[in-house]
Amino acid sequence: MSIIDKTWIGIQRRFGRQRIRKFALGSIPFIVLIGTWQANSTFGWLPPVFIPELGAVWEAAFTLQEDCPSTGAIFAMHNDCLLTNHIFSSINRVALAALIGLPLGIFFGILAGMNRTVSRFLEPVGVFANSISGIAWIPLAIVWFGVGWMTTLFIMLNTIFWLLFFNAMLGVRGVSKVYENSVLTM
372 MSIIDKTWIG IQRRFGRQRI RKFALGSIPF IVLIGTWQAN STFGWLPPVF IPELGAVWEA
432 AFTLQEDCPS TGAIFAMHND CLLTNHIFSS INRVALAALI GLPLGIFFGI LAGMNRTVSR
492 FLEPVGVFAN SISGIAWIPL AIVWFGVGWM TTLFIMLNTI FWLLFFNAML GVRGVSKVYE
552 NSVLTM
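Using my numbering, read the sequence shown as starting at 372 and increasing by one per residue.
Treat the hints loosely; a few may be bogus.
DEER-style ranges, computed between Cβ atoms [what the hints assert, rightly or not]:
id	residue 1	residue 2	range
1	L404	S460	47 to 55 Å
2	F492	F414	53 to 61 Å
3	G519	A469	18 to 26 Å
4	G381	S460	25 to 33 Å
5	S502	A431	38 to 46 Å
6	Y550	T488	16 to 24 Å
Don't read these hints as lab results, they were simulated from the structure.
Even for Gly, the Cβ is constructed at its ideal location relative to N, Cα and C.
Working from the sequences, and respecting the hints, build out all of it.
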């Protein structure tokens with residue numbers, strides 16, 4: 372038995388065949404994507420303007436960080452760490468949308484689930500808003516808010532709010548009468 376066979380058997384014993392199989396199957400799309408990307412760079416199917424070389428993208432990521440003075444400066448936000456500033460800016464937008472959308476969606480969903488009058492007003496608006504794809508809201512949001520962070524916030528809020536609204540509303544409506552009555556008797 373060769374050293375490769377012993378190593379492979381050791382890996383199988385340690386991690387299990389199913390885990391290795393799941394990992395291998397899950398990594399196939401990434402391998403195909405990176406392989407196709409590299410093949411495009413080699414054979415030039417599409418110009419580099421559309422799909423740049425893998426090494427150029429990697430190099431650009433480091434170039435955007437080269438003026439960063441230190442690791443601690445990354446968190447200062449008002450500095451020359453360009454890439455991390457953009458990453459943290461995106462994270463802040465998502466956090467703000469979640470901070471606004473989570474409580475509002477849950478509150479109005481519970482309210483609509485408990486009160487049919489509120490549900491009659493909010494449910495048709497929600498069905499309309501949910502039936503339009505998120506990408507279709509982008510032109511409308513640009514017309515309403517212009518190009519900027521408000522447009523991004525609106526798109527994220529629209530997604531977060533209505534998803535939570537419907538889930539909370541259906542969750543409240545899904546509670547059986549037996550449980551409602553048992554809570555009322557306490």
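Hint by hint, here is what the structure shows:
no., hint, in the structure
1, L404 <-> S460: 47 to 55 Å, "violated, 26 Å"
2, F492 <-> F414: 53 to 61 Å, "holds, 58 Å"
3, G519 <-> A469: 18 to 26 Å, "holds, 19 Å"
4, G381 <-> S460: 25 to 33 Å, "violated, 45 Å"
5, S502 <-> A431: 38 to 46 Å, "holds, 39 Å"
6, Y550 <-> T488: 16 to 24 Å, "holds, 23 Å"
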